[in-house]
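Asker: Keeping the supplied structure of chain D fixed, place chains C, L and G upon it in accordance with the hints.
Number of protein chains: 4
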Amino acid sequence: MIRFESDYSEGAHQSILDRLIATNNEQTSGYSEDKYCENARKIIRSLCNKPDASVHFFVGGTQTNLTFIASALKPYQGVIAAISGHINTHETGAIEATGHRIITTECSDGKINAQQIENIWQEHWQDPTHEHIVQPAMVYISQPTECGTVYTLSELESISSVCKRNNLLLYVDGARLSYSLVADVLAPDLTDLARLCDAFYIGGTKTGALFGEALVISNPEVARDFRYMIKRQGGLLAKGRLLGLQFEALLSDNLYLQLADHAVKQAMRIRQAFTSAGYELLFDSPTNQQFPILPDEMIERLADNFAFHRWQKMNARFTAVRFCTSWTTPSEHVDQLIRSI
Amino acid sequence: MIRFESDYSEGAHQSILDRLIATNNEQTSGYSEDKYCENARKIIRSLCNKPDASVHFFVGGTQTNLTFIASALKPYQGVIAAISGHINTHETGAIEATGHRIITTECSDGKINAQQIENIWQEHWQDPTHEHIVQPAMVYISQPTECGTVYTLSELESISSVCKRNNLLLYVDGARLSYSLVADVLAPDLTDLARLCDAFYIGGTKTGALFGEALVISNPEVARDFRYMIKRQGGLLAKGRLLGLQFEALLSDNLYLQLADHAVKQAMRIRQAFTSAGYELLFDSPTNQQFPILPDEMIERLADNFAFHRWQKMNARFTAVRFCTSWTTPSEHVDQLIRSI
Amino acid sequence: MIRFESDYSEGAHQSILDRLIATNNEQTSGYSEDKYCENARKIIRSLCNKPDASVHFFVGGTQTNLTFIASALKPYQGVIAAISGHINTHETGAIEATGHRIITTECSDGKINAQQIENIWQEHWQDPTHEHIVQPAMVYISQPTECGTVYTLSELESISSVCKRNNLLLYVDGARLSYSLVADVLAPDLTDLARLCDAFYIGGTKTGALFGEALVISNPEVARDFRYMIKRQGGLLAKGRLLGLQFEALLSDNLYLQLADHAVKQAMRIRQAFTSAGYELLFDSPTNQQFPILPDEMIERLADNFAFHRWQKMNARFTAVRFCTSWTTPSEHVDQLIRSI
Amino acid sequence: MIRFESDYSEGAHQSILDRLIATNNEQTSGYSEDKYCENARKIIRSLCNKPDASVHFFVGGTQTNLTFIASALKPYQGVIAAISGHINTHETGAIEATGHRIITTECSDGKINAQQIENIWQEHWQDPTHEHIVQPAMVYISQPTECGTVYTLSELESISSVCKRNNLLLYVDGARLSYSLVADVLAPDLTDLARLCDAFYIGGTKTGALFGEALVISNPEVARDFRYMIKRQGGLLAKGRLLGLQFEALLSDNLYLQLADHAVKQAMRIRQAFTSAGYELLFDSPTNQQFPILPDEMIERLADNFAFHRWQKMNARFTAVRFCTSWTTPSEHVDQLIRSI
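Protein chains in written order, with our numbering: chain D, 90 to 430; chain C, 90 to 430; chain L, 90 to 430; chain G, 90 to 430.
Isolated chain D (complex conformation):
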C-alpha cells in the first residue's frame, strides 16, 4: 500500500534526527528557555524581517490555534473563518472549548475574501442589537487552505487592510505554510506574513519535523504574557529544546523550502496526470494536495494499491478524492500512481 493520505505519515527529515542525536546528552533548561529555542527564534525573526516578533513553539496545530485565539480575544468576541477552516471542521470544538464562537462564512475553495469580512463587520455594527450578538474580532485564514488553494499577496493585502481598518486581528494558520511559499503563485513570503498579520505560524509537523509549529506574533499587544497562556492550555513542552532544534534544522540551508518544493513537484506530476487523462479537479490547488474528481469504479481500483482520502461525493458516479504528497514522497510512488491512472 502506497500512502498519499497525508503529509505526516512518516517520521522526520534526517537532519532533524541528526541534531536530536548530536545534542541528546546535553543538559538544558526546560520549557523552551534553552539556547536552541533562542537561536531558532533569532532565525525566524530574521527570516520574517521582524526583529521584535514574539516567537513561540508548539507541538501541534490545534494547540497553537486554540492558545492564540483564546489569548487574543475577549470573552464575548468571536473569530471569523471559512466554513471549511480547520478550526471549524477538525478540532472537536477546541475554540469553543475556550469560550469563543467561530463566525463562519461560506466559501467554495477554502478562501474567504476582504469583502466577506467587511460584510460581517458591517452587519454586526449596523445591527442595533449588536450587544446580543458575538462580536467579530479576529479573522482566521489558512495558508494554504484546507483545499490546497493559496492566498496571493494581493489578496492577503486586501484582507489585512480590511482587518486593520476595522480593528480586527488577522491570524494565519500555517500548518502547511511551506507549500504556499514554493507554489507557482505570487504568494506572501514570511516577511509579508509578519508585516500583514498579527500572528501566523510556520508549520513543522507537515513539512518534515517530528512535530512542531512556530507561532510568530507581530503584534506586541497580543504577545504580552503569552507563555502563561501556553502553560495554562497544557502546551508548554518540558524538553522544549526539541522544538528549537527542529526549527533550527528546518530553517537552515533552505531545507524547509526544499522539502516543500519536493512535495509540490510530485503533486504537480499527479495533477498533470489526472488532467491529461481528462479528469477535472475540485480545487485549483498549486500545493501538495490535489483533488481530482474521479469515477467511483476508478477510485475502487486505485484503492487496491494506494491510500488516499475520499473528499466529497459529487454525484451518483463521481467522487472528489484527495492525494497528498510530502517532503519524502518517493518519485517512484508517484510513477506507480501515474501508471495506474
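These are computed hints drawn from the structure, not numbers from a lab. Computed from a predicted model, the values in this text were never measured in an experiment. Positions of the beta carbon are idealized from the N, C-alpha and C atoms, including for glycine. Where hints are given, some of them may not hold.
Computed far set for chain D versus chain L, every beta-carbon distance over 10 angstroms [unchecked claim]:
#	residue
1	115
2	141
3	179
4	190
Computed from the model, here is a short list of chain D residues facing chain L with C-beta under 8 angstroms [unchecked claim]:
#	residue
5	185
6	218
7	221
8	222
9	223
10	347
Answerer: Positioned in the frame of chain D, the structure of chains C, L and G alone reads:
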C-alpha cells in the same frame, strides 16, 4: 555547571532514539492509531493486569491532567488535591481553565490521607447549603508527590476505599511514577494502581523519554469517547506513533525500572552524604528528589558548580534546596557533589 | 408612539402584582425552596402529566438555555439548532461560553425537521475522522420559532423519534410557548412536550410575568444535581419565591392561555389587514409575531406612529418587518394600525 | 417561627412596590435601556461623585461577581480573595466556571489586608517559575465581609494603594454595602469606593429590593463593551426597567440608608443583649449580622422559636451562630429574642 535541577534536562535514552531512527521512514496512520501505539497499549494493559483498560498517550503531564479531569467531572464538581499538588501549584490554572475548582487540603509532605478526604466529603454533604458549594467528586494525588514522598500500598488502599465508598473518582498523577516503583518502600505497583484508581498515568518525560505520558483509565465509564476530549483540548499528536514507540522501548526489557533505579541510587548517595554531614532533610524522600536543609553560605558555595532548586527558606540562615537526579545522571557528577559537601 | 416591538415592553399582569403585594411581608426561605415555588412545581407537573418531572425557575431565557445545555452535554458535544435559533443569533455566544459548539442547520422559516437531524447524525458517525469533530448530542428547537412558526404535534413526534433513536437529547426553548398553545394549529400541548422532549421551558417573561421561565426536565438523568448548575451559572434567585408566585398566578384559572389568546387574536387582525391589502408575509406565523413584506415608503410612513422591527431587506423596494403583539396590547392600538395600512 | 436567618426573607419595601405598580402599564425598551435605568444611573453617578462611571444592573450578586471578574481578567489571571470570601465559599465555583482561579488568603474575621496582598504579589513575581503559576491580577473584598466586619476608610486606602502600585484591579462585593455605610465605623462612603476601587456594587437584594445589584465601574478600561459580557453570561434582564425602578426608589430620599440603619440598630440591640448576658462574639461586627458564641443547649432552646444560622462549632459545648436582621425586622421580634436570651 553540573545540573541537578530536574530529571528532564537531557534528551532520551538511546534505545528510544534507536527506535525512532529505525522506524523513521515507515508510513503509518496518525493520531496514535498505528501499530506501535496499539502494541504499547497491549504491553501496558498486560503490566497492569487490566485487559480492558483504556490507554491514551499524551505529550506532557499538564495536558494529561487537564484532559482527564475535565473529562470526568461534571461542570459543578471539583477535584480534591494537596495544596502542594502540581495541578495547584505549577499548571497556571489549567484545571480552572476547564471550569473546575481544585479543593485544596493542607499537608506537610505532599501526601494527603483518607481521613482528610472523608472530612471534605462529610463537610460538603452535611452542609445544608451544599448546592451553593463546589461538589467534591474526584481525588488527585501524585505518586511520588512533589516532595518526593511515596504513598504506600496500604495508604493508597485506604484512600481508594474512602473514594469508592463516597463515589469519588481517584486519579494518580504519575509524572515520576517510575521512581516510586523502585523506591525502598512498599509502594503500589502498576497492577495495584490499575486496581485501586479510576485512572493514573505512567510518566515518560521524566524517566528517559523525549516526551510522553501514558494514561491508564480503569473505569470504563470515564473512558467513554475519551479521544474526542484529547482532540478538543489540543492534545492529540499528529505523529502519534512517536508516543507508542517510546513506551514500547521504555516498557520492554524492564528498561523503565532500570532507569528509575539508577536515578534513585544516585539520589540515595546524595541523601547519605548530606545526612552523614549532619544536615537535615525537609522531606523523607525515598525517590530521586532530595531536599536537604542547608546553611545559606553553603548553598552559595555549591551554586558555583552545581545547579539545583531553592525550595523553601527555613529561617534566617537555612534554606531547603532540591537536588534531582535522573535516569542519566553520571555517577561522577554525584561524586563531585559529595566531595563538595 | 404605539409599540409593536416586543411582547415584553410592559410590566406584569395585575394578578401577578396582586400576589406579590399580598405576600410581600411574609418570610420565606430563599433560592426557590419556599412553598410558592413548591406549589408552582406541583401545578406544572400536573399540567404536564409528569409527576416526576424536575421543575426549575429562572429569571430569563438565555440563562435557562445556557444552564440546561451546559448541564446536559459532555465537553466535546454540541447542540444542533436552526441557524435562526435564538441561541445562535441573540445570546452573545452564551452557549460557546460554556464550551460547546452550536451545530447550525439551514432553515427557511425557523423550523428544522427530523431528516435534517438524522443527516447531521449520520454524517458525523459515518465520517471516519469523527473524533476530530464536535459530536452532536442534543437538538435545540424553539416553539414557536423566532419566525413565529409552530411545530405541529406530528413534526415534534418525528423529531423526538429521531432523537430517541440516535440518543440525542431534545430540548425546546419555550420563551413564547404560550402562543403556540393557543395557535390555530395542531401543536403539542404541555403533556406532549413533557412526553416527547427531555426538557423544555414555559416562558413567563413574554406572557405577562415580570420575569420568569419554568424549566421542565422530564429526563431524570439530566436532572441530577441540577441546582448546583443553576447556582454555578449565577441563575439562582435569592428571593426565589418571586418566581413561584408568578407561575402560580399565570397557571391558575387558565390565565396563561388567556393572555396568549388575546395576543394571538390581535396578531391575526394585523395579519388579516395586511394580507387583505395585498401584502405578502415572510413567514406563515399563527402566533403573536407577524412579518409582512412592505414597501419601504409605507414602512417610513408607519414608523411615524408605530414602533416595530425591520427584519430583513427583501429587495430594493421591499422590506419584511415584524409586528409583535402581547398579552396586553390594546385593541385600539391594533385598530389604529389597521387604519394606517 | 421568627426568622433571623437572612436579610432577604421578605419581599420589597413598599415604595418599590408602589413604583412597580405605578409604571406597570408603560411600554419601555428592554434590557435596561429605558429611562428609569438611565435615571438610576444618573443618581448613582452623582452619589458616587463619578460622572463618567459605567453603571450596570444585575439581578443577583453571584451573576455580578462572575460577570465582572470574567470580564476584567485575562485567561491566565486569578483573583485574590479571603478564604471566607463569598466567591470562594457559596457560589458553586461560578468564578472557576469562567476559567479563573481564586487565589485565597487566610483571614480570621473576613478581612484581608494590604500586606497580604503585597506578599502574594511579591511571591508571584519573585518566583522564577511564575509563568507556571496563576498570575494575581485582581483583589476581591466584601464590604461588609461575610463575617459582618467592615473595612475602614484607611484600610481600604491601604489596599487600594497596594493594588494601584502593583497594577492589581480592586473590586468590592457590596451585597450588604448599605450596612457598612451606616455602621458606627469610619467606613468608606460611595465616593470613596468609586475613587479607590476599579469597581464595586451597591447591593439591593439584601436591603429591601425584590432583587437587584448596581455595579459601578470606575475604571473605563474594564468597562468597555461590558453589556456584551452581561448578555453572554445570561445576566441581561428583558424587562430591565424593573432594576432601574428599584434603584431609583432605594436611592431617593435617603431610603437606602434608612433601611440599613433600621437593620443595624436592631442588630446592635441583639449584640448588646448577648454581650450583657456574658456571651462572647465570634466577630466584632458593627453591621446587621451578629455572631454570638452560645452554649449548645441554649441554641436548642432558642431554635424552638427562632430561625438562625449555625455558623461554626467552637468546642464540645459551644457553637457560634449568626443572627441577621433586615430592613424590615420588627422591633417586637428583637424584643422577643432578647427576652429569650
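Asker: Look at each hint and say if it fits the structure.
Answerer: Taking the hints in turn, this is what the structure says about them:
1. Consistency note on residue 115 of chain D: stated as away from chain L, and its beta-carbon is indeed over 10 angstroms from all of that chain's, at 36 angstroms minimum.
2. At the 10 angstroms boundary, the C-beta of residue 141 of chain D stays outside the reach of chain L, the nearest C-beta of that chain being 33 angstroms off.
3. Residue-level check failed: residue 179 of chain D sits 4 angstroms from the nearest beta carbon of chain L, not beyond 10 angstroms.
4. The Cβ of residue 190 of chain D does not lie farther than 10 angstroms from every Cβ of chain L; its closest approach is about 4 angstroms, which violates its non-interface assignment.
5. Interface restraint check: residue 185 of chain D against chain L, minimum CB-CB distance 4 angstroms, threshold 8 angstroms, status holds.
6. With 8 angstroms as the threshold, the beta carbon of residue 218 of chain D comes within range of chain L, its nearest partner Cβ sitting at about 7 angstroms, so the hint holds.
7. Checking residue 221 of chain D against chain L by beta carbon gives a least distance of about 4 angstroms; that is within 8 angstroms, so the hint holds.
8. For residue 222 of chain D, the suggested interface contact is upheld, since its CB lies about 6 angstroms from the closest CB of chain L, less than 8 angstroms.
9. The interface hint given for residue 223 of chain D holds, since its Cβ lies 4 angstroms from the closest Cβ of chain L, which is under the 8 angstroms cut-off.
10. Evaluation of the residue 347 of chain D hint against chain L yields a violated restraint, the C-beta minimum of about 30 angstroms exceeding 8 angstroms.
The structure does not agree with the numbered hints 3, 4, 10 stated previously, though it agrees with the rest.
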